[in-house]
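*Asks:* Required output: the full structure, derived from the provided sequences and hints.
In this text, residue positions in the sequence shown follow my numbering: the first is 346, and each later residue adds one.
Calculated directly from the structure, the hints in this document are not laboratory data. All C-beta atoms in this analysis are idealised placements derived from N, C-alpha and C, irrespective of residue type, glycine included. Check the hints yourself; a few may be wrong.
Have a look at the derived ranges for each label pair, beta carbon to beta carbon [stated by the list, open to error]:
| # | residue 1 | residue 2 | range |
| --- | --- | --- | --- |
| 1 | R407 | R365 | 14 to 22 angstroms |
| 2 | D382 | A439 | 29 to 37 angstroms |
| 3 | R436 | R365 | 45 to 53 angstroms |
| 4 | V420 | V364 | 41 to 49 angstroms |
| 5 | E354 | R428 | 31 to 39 angstroms |
| 6 | V364 | D425 | 47 to 55 angstroms |
| 7 | A418 | V364 | 42 to 50 angstroms |
| 8 | V356 | P380 | 27 to 35 angstroms |
| 9 | R436 | L368 | 25 to 33 angstroms |
| 10 | A366 | G435 | 28 to 36 angstroms |
| 11 | V364 | D390 | 40 to 48 angstroms |
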Amino acid sequence: MTLSAFANEPVLELRRAPVRAGLADAISAHDARGPLDVPVWVGQDTRMGDALVSTDPGAPDRVVARAAAASPADVDAALDAARAGHRDWGRRPASERAAVLA
Numbered sequence: 346m347t348l349s350a351f352a353n354e355p356v357l358e359l360r361r362a363p364v365r366a367g368l369a370d371a372i373s374a375h376d377a378r379g380p381l382d383v384p385v386w387v388g389q390d391t392r393m394g395d396a397l398v399s400t401d402p403g404a405p406d407r408v409v410a411r412a413a414a415a416s417p418a419d420v421d422a423a424l425d426a427a428r429a430g431h432r433d434w435g436r437r438p439a440s441e442r443a444a445v446l447a
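*Replies:* This is the structure:
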């Protein structure tokens with residue numbers, strides 16, 4: 346796998362009506378999907394629970410995401426899973442590890 350060189354995204358020309366309309370459409374599409382639910386993920390298991398709520402600072406009543414709060418037991422389980430997979434993960438080629446993270 347070959348990664349392309351880092352490049353910043355181009356600046357949006359918000360003074361141009363079509364660019365503003367495209368941005369408004371993207372925001373509307375995101376809003377239609379509702380808030381993003383982010384689970385606690387340990388190994389292959391995911392769960393939602395007590396949530397940390399993220400709101401739009403410009404519209405504090407608008408919830409944009411709910412992230413499950415990890416419990417101390419979740420943290421312990423995640424550390425156990427990381428320790429169990431550490432050796433196998435380290436033996437994988439860098440390109441394979443990069444593909445998972447990209």
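*Asks:* Now tell me, hint by hint, if it's right for this structure.
*Replies:* Okay, the hints, checked on the actual structure:
Distance hint check for R407 and R365: the Cβ-Cβ separation is about 20 angstroms, which falls inside the suggested range of 14 to 22 angstroms. For D382 and A439, the hinted distance range of 29 to 37 angstroms is satisfied, since their beta carbons lie about 32 angstroms from each other. At roughly 50 angstroms, the beta-carbon separation of R436 and R365 lies within the given 45 to 53 angstroms, and the hint holds. Under the hint 41 to 49 angstroms, the C-beta atoms of V420 and V364, about 43 angstroms apart, fit the expected range.
A hinted range of 31 to 39 angstroms holds for the C-beta pair E354 and R428, which are about 37 angstroms apart. Between V364 and D425 the CB atoms are about 48 angstroms apart, so this pair conforms to the stated range of 47 to 55 angstroms. With their beta carbons about 47 angstroms apart, A418 and V364 fall inside the hinted range of 42 to 50 angstroms. For V356 and P380, the Cβ-Cβ distance of about 28 angstroms falls inside the hinted range of 27 to 35 angstroms, so the restraint holds.
The given range of 25 to 33 angstroms is broken by R436 and L368, whose C-beta atoms sit roughly 44 angstroms from each other. The beta-carbon spacing between A366 and G435, approximately 48 angstroms, falls outside the hinted interval of 28 to 36 angstroms. For the pair V364 and D390, the supplied restraint of 40 to 48 angstroms holds, since their beta-carbon distance comes to about 42 angstroms.
Against the hints set out earlier in the document, violations occur for numbers 9 and 10.
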